[in-house]
Amino acid sequence: MRAEVLSEPSIQSSRLYVMEEVKTSANSLLQSLAAGDMSVLDHLYDAHRDDFLRWAGHRFVVKNRDDLLDAWHDTMIMFYEQVRDKKLTNLTCEIKTFLFLIGQRRLLKMFARSGKLELIDEFDANMNMDESINVLEEEEAKEEQMRVLTDAVNQLPGKTRDILIKRFREGKNIPQIMNEMGYESENAVSVTLSRGLKRLKELVTQRMSTD
Amino acid sequence: MEERDIQLIEKYLAHDLTTAEVAEVERRLISDMEFRKIFDEYKLAAEALRLAHRDELKSRFRERDKILDKKTNVNSTPNTRLLWWLGAIVFSLLLLWFFITKQGPSETVINQTEDTLQVNEQKVDNPDTLRIEKNNDQPRADGNNRKQTKSIRDKASGKELYAANFEPYPGDDLENITRGSKDPINAYERFQLNYVEKEYESSLEAFNDMSASMQENDNLLFLKANALLALKRYSEAITILERVSKSNKSGYQVEALYYLALAELQRENIDRAKVLLDQYVQDTRAIEQNRAREILKEINTD
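Going down the list, the sequences are from chains Y and P. With our numbering, you'll find the first sequence wraps up at 211, consecutive numbering, no jumps. With our numbering, you'll find the second sequence wraps up at 513, consecutive numbering, no jumps.
Take these hints with a grain of salt, some might be off.
[Stated by the list, open to error] Pairwise CB distance ranges (calculated):
no.	chain 1	residue 1	chain 2	residue 2	range
1	P	E274	Y	Q176	24 to 30 angstroms
2	P	K277	Y	V191	30 to 36 angstroms
3	P	L305	Y	Q31	30 to 36 angstroms
4	P	S424	Y	R147	38 to 44 angstroms
5	Y	S28	P	I278	24 to 30 angstroms
6	P	I241	Y	V191	29 to 35 angstroms
7	P	K460	Y	M38	45 to 51 angstroms
8	P	Q218	Y	N64	38 to 44 angstroms
9	Y	A188	P	E213	17 to 23 angstroms
10	Y	Q155	P	G382	49 to 55 angstroms
11	Y	Q206	P	E427	53 to 59 angstroms
12	Y	V191	P	E232	28 to 34 angstroms
Simulated from the structure, these hints should not be mistaken for lab results. Even for Gly, the Cβ is constructed at its ideal location relative to N, Cα and C.
The whole structure should be built from the sequences, with the hints applied where relevant.
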């Protein structure tokens, strides 16, 4: 992930060059991920997981490695959703730094809930990070509500579910969906989409009102 | 609700509207309650798709964990670890047997010296001592190359053991801050950056520029102590490491024991170092457990 250091006469200028290359590399990864290249997500996961576990293990009193793994999973999910939903399109720091900051905040929340000791408030106070991180502070859906919504999606027929995923999760437009799923016309895609979304809406509304 | 309205909502949720259309939707969300109600229902449906994806992602990541853990062997079972220990004990016994059979009452001093050299060579070839191979490639922070562990015959001094085993805490778990950012980096970031780049004098300067509360942070103090050791300021490092090793607030509490033991070795306080290393190897969180055990073996050799 890190760009190689060049042998420039001035250390400062070579570091600046490295920083620019790092930013370009990070942003191009974001673009690839936003376009649906999941191998980017896998690569980032693999590249930084163990470092994160070591780093977080030093900062938080953790007896169970699974707690840290859960935090890392949540970190990657939050990062991916921001990229997928085009809320995160540009970074002014390295992806690893960004991921670690998400993970740090995730762990703070987890440990605050459980009452365990937090070690890093003092670290947080002096951080000077890209403001785009603030968009991550969204409220989590209640667990019960999440279960209801997930069940509703799983009730849809396979093809309907697929078309909705392509449209609303992968951000594909009508012509793209037509080509990928073998529809004969854009109108057929639009009609299927409308019916599918309406059906999902009814399932969700039904379940939310009975729960 | 008109068909066009449903299509607008659907396209809005798919981020497939022009700027003007987005503005229209958002205006209507404020002014048209019926439109708002239908919009919220469709929005919830789109949210459901997003949440269902999280389950899939979690499963994906769990699969990756299995692959990664297999590669790093992080979840080695107690039986595997036991086998490694048994292998190490058997090897040590074989080595001892070799010495005993090689030794005889009529052997001269010269022959004993030759045997010592052979033992040294064998130690170098020992595939278990990977850290020796690794250390040969890396210049030490204080400028000395790592020396090979002395033979059992010639017991190493505390200073020699320190020199052979000390490396500042690597800091690869620190935040990934690079130089050259347009935003000025603060003292805390300078401290970390300089530390990771082994510029220990500069890291200490940055430490002194941090706020008073940050300077009291035991995690940062642990790193400072390592920088001091690298700069041969042993007494100052020991004072700090004594504190961190007793601090329940520090994630480096256990590792502080190890570095404190090394510092005591440097001062030839062998007994104190031994107590600290014994304590260190008991802790399952210890990172350098194997190395500490090797040092203890050296210290305990008669």
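Query raised in the report: Where does the structure disagree with the numbered hints, that is, which hint numbers, in rising order?
Result: 2, 3, 7, 8 and 12
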